[in-house]
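**Q** Sequence:
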Amino acid sequence: MSEEHRETGTGWPEPAEPARPSGPAGEPDPRPDAPDPDELSPLTPAEREADVPPAEDEPSASAAPPSRRLTSAGAMIAVLVALLGFTLVVQLKTTSTDSGLAATREEDLVRISSDLDSRERRLRQDIAALEDSQRQLRSGEQGRQAALDEATRRADELGILAGTLPAVGPGLSVRFEGGDKAISWARMLDAVQELRGAGAEAMQIVGSDGTAVRVIASTYFVDAQGGGLMVDGRRLTGPYTILVIGDSATMRTALNIPGGVVAAVADDGGNVIVEDREAVEVSQLHAPIKLEHARPVS
475 MSEEHRETGT GWPEPAEPAR PSGPAGEPDP RPDAPDPDEL SPLTPAEREA DVPPAEDEPS
535 ASAAPPSRRL TSAGAMIAVL VALLGFTLVV QLKTTSTDSG LAATREEDLV RISSDLDSRE
595 RRLRQDIAAL EDSQRQLRSG EQGRQAALDE ATRRADELGI LAGTLPAVGP GLSVRFEGGD
655 KAISWARMLD AVQELRGAGA EAMQIVGSDG TAVRVIASTY FVDAQGGGLM VDGRRLTGPY
715 TILVIGDSAT MRTALNIPGG VVAAVADDGG NVIVEDREAV EVSQLHAPIK LEHARPVS
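In this note's numbering, the protein residues as written are 475 to 772.
If you're looking for bench data, these hints aren't it; they were derived computationally from the structure.
Since the model is a prediction, treat every value here as computed from it, not as a measurement.
Take these hints with a grain of salt, some might be off.
What the hints assert, rightly or not - Below 25 Å or equal to it, Euclidean Cα-Cα: the simulated SDA-like pairs (lysine to any residue) are:
1. K655 <-> L611
2. K655 <-> L632
3. K764 <-> E631
4. K655 <-> K764
5. K655 <-> E668
6. K764 <-> P640
7. K764 <-> T715
8. K655 <-> R726
9. K764 <-> Y694
10. K655 <-> A625
11. K655 <-> S588
12. K764 <-> D630
13. K655 <-> M704
14. K764 <-> I690
15. K655 <-> S613
16. K655 <-> G734
17. K655 <-> R628
18. K764 <-> A625
19. K764 <-> D683
20. K655 <-> E624
21. K764 <-> T711
22. K655 <-> G684
23. K655 <-> L765
24. K655 <-> P640
25. K655 <-> I747
26. K764 <-> R628
27. K764 <-> A629
28. K764 <-> G701
29. K764 <-> G707
30. K764 <-> A691
31. K655 <-> G707
32. K655 <-> G701
33. K655 <-> E749
34. K764 <-> P713
35. K764 <-> G633
To be verified - Pair ranges (Cβ atoms, derived):
36. A768 <-> R598: 50 to 60 Å
37. Y694 <-> D741: 37 to 47 Å
38. Q619 <-> E581: 31 to 41 Å
39. V771 <-> D654: 28 to 38 Å
40. R612 <-> V584: 38 to 48 Å
Ideal placement from N, C-alpha and C gives every residue a C-beta, glycine not left out.
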């Protein structure tokens, strides 16, 4: 340490005595208003006595550091930004409340439109399904009615063929008169078969006394003792008349074929009288046949 500094015990070196201004040769300042050199010293008299460094070397307690000034400015900016954001949020809520969809974003409008389209498609599909169900119900009802009508028609046909229902329609009246030889069961069976082959749909045979027997698929003919015919167990006497429903022209042709029924009866000395009728009534019924062995195929 130089002679110009000495230890003061405070940790600070004692500064050298400042040079006092003087005249040309170290003389005092001749100006009458010149300040006292001691007053120019930054040290107070007590500091000069205690050899304390000038107070200006210590940092001022009132002076704020630059970082603190910057932090305050940032806080102020943050407050302003927060106020601005709050104002914007309030404005957006007010606008959305007042204008409804006018403030909705384009993406949201597209999504809403897509949702509405999807809902419309679903509703249209539901309507189509309901209409299809309605059509099915109607068609099912119509189908059931058609099936019922068809079943009724078929039952009527079967009833006519089975002889359990009366029938009426155009056809023929065929009268068999015997000659030298009586009309045999063979001639009557040939006549029934010829008529069936010509499309006869219903027929009955009537005796001279008015007794009638419905002719069906199981009807049989035999000669009765003492004359006459046994038809399904009932005795008939001639002349015999067959009332038949069907196409009259076809059945007439079938009866008159060469070597047919009419020719055979004529050869036996008898006679066959065929008359067309617009309405032939077959009213005699046959008792229903009870099947003992036959069953419908399931």
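**Q** Compare the structure with each hint and give your call.
**A** Comparing the hints with the structure gives:
1. Distance check on the hinted pair: K655 and L611 sit about 68 Å apart at the alpha-carbon level, beyond 25 Å; violated.
2. For the suggested pair K655 and L632, the alpha carbons sit about 37 Å apart, so the restraint of at most 25 Å is broken.
3. Between the alpha carbons of K764 and E631 the distance comes to roughly 18 Å, so the proposed pair stays at or under 25 Å and holds.
4. Taking the CA atoms of K655 and K764, the gap is near 38 Å; set against the 25 Å cutoff, the hint is violated.
5. Taken as a hint, the K655 and E668 pair is honoured in the structure, with Cα atoms around 21 Å apart against an allowance of 25 Å.
6. Between K764 and P640, the direct Cα distance comes to roughly 19 Å. Compliance with the 25 Å bound is thereby established for this hinted pair.
7. Using a Cα cut-off of 25 Å, the hinted pair K764 and T715 is violated, with the two alpha carbons roughly 28 Å apart.
8. Under the criterion of a C-alpha separation no larger than 25 Å, the hint pairing K655 with R726 is consistent with the structure, at around 24 Å.
9. With a C-alpha separation of about 17 Å, the suggested pair K764 and Y694 falls inside the 25 Å cut-off, and the hint holds.
10. The suggested pairing of K655 with A625 is violated, with an alpha-carbon distance near 47 Å, which exceeds 25 Å.
11. Annotation: proposed proximity of K655 to S588 is violated, straight-line Cα distance about 100 Å (limit 25 Å).
12. In summary, the hint linking K764 to D630 is supported, as the alpha carbons are separated by about 18 Å, within the 25 Å threshold.
13. For the proposed pair K655 and M704, the alpha carbon gap of about 17 Å is at most 25 Å, so the pair holds.
14. This hinted pair checks out: K764 and I690 have alpha carbons roughly 14 Å apart, not beyond 25 Å.
15. Straight-line distance between C-alpha atoms of K655 and S613 comes to about 64 Å, which puts the hinted pair past the 25 Å bound.
16. Proximity of K655 to G734 is assessed by CA-CA distance (about 17 Å); at most 25 Å being required, the pair is judged to hold.
17. For the suggested pair K655 and R628, the alpha carbons sit about 43 Å apart, so the restraint of at most 25 Å is broken.
18. Simply put, K764 and A625 have alpha-carbon atoms about 21 Å apart, close enough for the 25 Å limit, and the pair holds.
19. A C-alpha spacing of about 30 Å is found between K764 and D683, which places the hinted pair above 25 Å, so the restraint is violated.
20. Between K655 and E624 the CA atoms are separated by roughly 48 Å; this puts the pair beyond 25 Å, and the hint is violated.
21. A threshold of 25 Å between alpha carbons decides the hint, and for K764 with T711 the separation of about 29 Å lies outside it, so the pair is violated.
22. Distance check on the hinted pair: K655 and G684 sit about 22 Å apart at the alpha-carbon level, within 25 Å; holds.
23. Between K655 and L765 the CA atoms are separated by roughly 39 Å; this puts the pair beyond 25 Å, and the hint is violated.
24. Between the alpha carbons of K655 and P640 the distance comes to roughly 34 Å, so the proposed pair goes past 25 Å and is violated.
25. Among the hinted pairs, K655 with I747 is consistent with the structure: their alpha-carbon atoms are about 17 Å apart, no more than 25 Å.
26. At most 25 Å may separate the alpha-carbon atoms for a hinted pair to count; K764 and R628 meet this at roughly 19 Å.
27. Between K764 and A629, the direct Cα distance comes to roughly 17 Å. Compliance with the 25 Å bound is thereby established for this hinted pair.
28. Note on K764 and G701: the hinted pairing is violated, with a Cα-Cα distance of about 31 Å set against a maximum of 25 Å.
29. At most 25 Å may separate the alpha-carbon atoms for a hinted pair to count; K764 and G707 meet this at roughly 17 Å.
30. For the hint pairing K764 with A691, the CA-to-CA distance comes to about 14 Å; that is within 25 Å, so the pair holds.
31. Proposed proximity of K655 and G707 is supported: the alpha carbons are some 23 Å apart, at most 25 Å.
32. Taking the CA atoms of K655 and G701, the gap is near 11 Å; set against the 25 Å cutoff, the hint holds.
33. For the hint pairing K655 with E749, the CA-to-CA distance comes to about 23 Å; that is within 25 Å, so the pair holds.
34. For the suggested pair K764 and P713, the alpha carbons sit about 32 Å apart, so the restraint of at most 25 Å is broken.
35. About 14 Å separates the Cα atoms of K764 and G633, which keeps this hinted pair within 25 Å; it holds.
36. One distance hint, 50 to 60 Å for the beta-carbon pair A768 and R598, holds here, with the actual separation near 56 Å.
37. Between Y694 and D741 the Cβ separation comes to about 24 Å, which falls outside the hinted range of 37 to 47 Å.
38. Under the hint 31 to 41 Å, the C-beta atoms of Q619 and E581, about 57 Å apart, miss the expected range.
39. A beta carbon spacing of about 51 Å between V771 and D654 contradicts the range 28 to 38 Å that was offered as a hint.
40. Separation of R612 from V584 is about 42 Å and conforms to the stated range, judged on CB atoms against 38 to 48 Å.
Against the hints set out earlier in the document, violations occur for numbers 1, 2, 4, 7, 10, 11, 15, 17, 19, 20, 21, 23, 24, 28, 34, 37, 38 and 39.
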